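*Asks:* Please build the complete structure, drawing on both the sequences and the hints.
2 protein chains.
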Amino acid sequence: MTPVTLVSYGLGPIGLAIAALALERGHRIVGAVDIDPAKAGRDLGELLGREPIGVAVTADAGDALGRRPQVVLHSTQSRIPQVAAQIIACLEAGASVVSTCEELAFPWYRHAATADRIDGAARSHGVTAVGVGVNPGFVMDLLPIVLTAPCREVRAVRAVRVVDAGTRRLPLQRKVGAGMTPAEFEAGVAAGTLGHVGLGESAAMIADALGWSLDGVAETIEPVVNGGRVQGLHQIARGRCRGQEAITLDLTMAVGAPDPRDEVVLDADPPMHVTVVGGIHGDVATCAIAVNAIPRVLAAPPGLTTVSRLPALHA
Amino acid sequence: MTPVTLVSYGLGPIGLAIAALALERGHRIVGAVDIDPAKAGRDLGELLGREPIGVAVTADAGDALGRRPQVVLHSTQSRIPQVAAQIIACLEAGASVVSTCEELAFPWYRHAATADRIDGAARSHGVTAVGVGVNPGFVMDLLPIVLTAPCREVRAVRAVRVVDAGTRRLPLQRKVGAGMTPAEFEAGVAAGTLGHVGLGESAAMIADALGWSLDGVAETIEPVVNGGRVQGLHQIARGRCRGQEAITLDLTMAVGAPDPRDEVVLDADPPMHVTVVGGIHGDVATCAIAVNAIPRVLAAPPGLTTVSRLPALHA
Numbered sequence: 031m032t033p034v035t036l037v038s039y040g041l042g043p044i045g046l047a048i049a050a051l052a053l054e055r056g057h058r059i060v061g062a063v064d065i066d067p068a069k070a071g072r073d074l075g076e077l078l079g080r081e082p083i084g085v086a087v088t089a090d091a092g093d094a095l096g097r098r099p100q101v102v103l104h105s106t107q108s109r110i111p112q113v114a115a116q117i118i119a120c121l122e123a124g125a126s127v128v129s130t131c132e133e134l135a136f137p138w139y140r141h142a143a144t145a146d147r148i149d150g151a152a153r154s155h156g157v158t159a160v161g162v163g164v165n166p167g168f169v170m171d172l173l174p175i176v177l178t179a180p181c182r183e184v185r186a187v188r189a190v191r192v193v194d195a196g197t198r199r200l201p202l203q204r205k206v207g208a209g210m211t212p213a214e215f216e217a218g219v220a221a222g223t224l225g226h227v228g229l230g231e232s233a234a235m236i237a238d239a240l241g242w243s244l245d246g247v248a249e250t251i252e253p254v255v256n257g258g259r260v261q262g263l264h265q266i267a268r269g270r271c272r273g274q275e276a277i278t279l280d281l282t283m284a285v286g287a288p289d290p291r292d293e294v295v296l297d298a299d300p301p302m303h304v305t306v307v308g309g310i311h312g313d314v315a316t317c318a319i320a321v322n323a324i325p326r327v328l329a330a331p332p333g334l335t336t337v338s339r340l341p342a343l344h345a
Numbered sequence: 031m032t033p034v035t036l037v038s039y040g041l042g043p044i045g046l047a048i049a050a051l052a053l054e055r056g057h058r059i060v061g062a063v064d065i066d067p068a069k070a071g072r073d074l075g076e077l078l079g080r081e082p083i084g085v086a087v088t089a090d091a092g093d094a095l096g097r098r099p100q101v102v103l104h105s106t107q108s109r110i111p112q113v114a115a116q117i118i119a120c121l122e123a124g125a126s127v128v129s130t131c132e133e134l135a136f137p138w139y140r141h142a143a144t145a146d147r148i149d150g151a152a153r154s155h156g157v158t159a160v161g162v163g164v165n166p167g168f169v170m171d172l173l174p175i176v177l178t179a180p181c182r183e184v185r186a187v188r189a190v191r192v193v194d195a196g197t198r199r200l201p202l203q204r205k206v207g208a209g210m211t212p213a214e215f216e217a218g219v220a221a222g223t224l225g226h227v228g229l230g231e232s233a234a235m236i237a238d239a240l241g242w243s244l245d246g247v248a249e250t251i252e253p254v255v256n257g258g259r260v261q262g263l264h265q266i267a268r269g270r271c272r273g274q275e276a277i278t279l280d281l282t283m284a285v286g287a288p289d290p291r292d293e294v295v296l297d298a299d300p301p302m303h304v305t306v307v308g309g310i311h312g313d314v315a316t317c318a319i320a321v322n323a324i325p326r327v328l329a330a331p332p333g334l335t336t337v338s339r340l341p342a343l344h345a
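Same order as they appear, the protein sequences are chains A and B. Position one of the first sequence corresponds to residue 31 (the working numbering), numbered consecutively onward. Position one of the second sequence corresponds to residue 31 (the working numbering), numbered consecutively onward.
Because the hints were derived from the structure by calculation, they are not lab data. Given the structure is predicted, the values throughout are model-derived calculations rather than measurements. Positions of the beta carbon are idealized from the N, C-alpha and C atoms, including for glycine. Among the clues, some could well be false.
If we take Cβ atoms under 7 Å as the criterion, some of the chain B residues that face chain A in the derived model are [unchecked claim]: (1) Val164; (2) Ala179; (3) Val184; (4) Ala239; (5) Val247; (6) Thr305; (7) Val307; (8) Ala318; (9) Ile319.
Label-pair ranges, simulated between beta-carbon atoms [claimed, not checked]: (10) B/Glu252 / A/Thr223: 54 to 62 Å; (11) B/Asp245 / A/Ala329: 24 to 32 Å; (12) A/Arg97 / B/Glu275: 38 to 46 Å; (13) B/Ala115 / A/Glu81: 29 to 37 Å.
Computed footprint of chain A on chain B; a stretch qualifies when at least three of its residues, placed anywhere within it, have a C-beta under 8 Å from a C-beta of chain A [claimed, not checked]: (14) 207 to 214; (15) 335 to 345.
*Replies:* Here you go:
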């Protein structure tokens, strides 16, 4: 493995875990950025619970980007309007970007004009940006796409993911509404503070890879309720193509959800039914994918790309 | 889909099925090559049981290659020494090559010098060659590689494939020894006429992708016997890395084999256990992968490559 010079941008639980894995792999982190005042000025190594590494966290990205990283590992927020300026600043500093921003997994779906601006910035500075993660980015989009390779014809794609949120970190349990009343859940959905971001992006990535033109994607989100309390959510995206439901992405994330798993069913020739026993653990997987993506973005042509357009990531 | 100008090279059951699918997809076949005298001079469309397409089968490839195909769909034999001259002739005629030759899935494993010659011919003519198939090429190598994307660390890879040969074409049943006596089976193995070609290549492809240096690959092949008659074979490749068995590829192809399936187990963080219920049908899958590879080889940089180095194939 060739060590790469990195900046860690966003030091929440995922950003920190990505930084830790990158260091473990022998990469060199030269800058760390986070807006949390409690983190400013602290050494990144200390934040990771290890020896200091001589990299102080700054709230302003300019300082870190001035140290000429080859790649920025970006993990701040889920929506493109929240992160576009951050990512463009990285690209304009000559760094490629691997971001866990969910909407960046397939940015043309909701924000085509901004995606084009990011693409333009990447191209004009000869660098690459890609959105990665386990979901979106792998289990409900890239994996189904890869599984169509042996198919002569694909009529419909169905992916089911069931996560027992009880085995996951607290912020994720909050994100899925665990512990709320049904009324609080509905209010959270209405306010956009609840729910998984990225099902629509996954549907759009699948359609793009298979050359399907989607009429539209309909998303629904319902609480999983037990004893009057919300345990989590059940979210479905349905992509229609020529009037038929061609893509169905069915996600349950709830405390105590039975039979946790990932499942892909292709209505195809030959048909395909694939099960990931127990499911893929989201946090570990997202960190690993981000670090595994480093050599791929460095080798990719300049521009904004997707994991479905890159050679297979691997450990 | 952009129609591509093709030559079909090798018109056995797999080659014919590939040609049929390519036509169905709207590609244009301008030449067809096969050494079988019973096929020479016949129209490819007629051989496919459809209307004539104005392409007569020739035993000599030069005629077909003179029609300037962009891609040759090559499906003749399993071993690189048998096919190297055929493939180099295609490349020197300026055509990219998608071949189902098993050893070409990872040609450096057994035939590094010949692989380098093929690579040189491809580069100097600005075209690309790749070996494809369901096994080797997908289910026991590319799929495990793709499944390592969410892993921080991979310690060992195990792939199990069980095929009920009773559901497959007769040549495949013969290839696995079905109906032989155990003594005939042993003689067939010793003569190299029996057995699956490609397990070692799959192990080498996995090791290459994961950056592992293999100490060596040990292959064993045993008959599956019932009532004194061979039903098929059980073949295992074990790749050792730093003294440990790091890659285990376990293949059973036998008439009536119970619980047909494909299975990938990663001893990894997070661990991964993936099952393809019922397994992937080999013949349909190999044809689909060959045709699905056409746009990928046309977009790839010149040279001899592998499916693990290309962006994900898909339908």
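*Asks:* Run through the hints listed earlier and report the numbers of any the structure violates, in increasing order.
*Replies:* 5, 13 and 14
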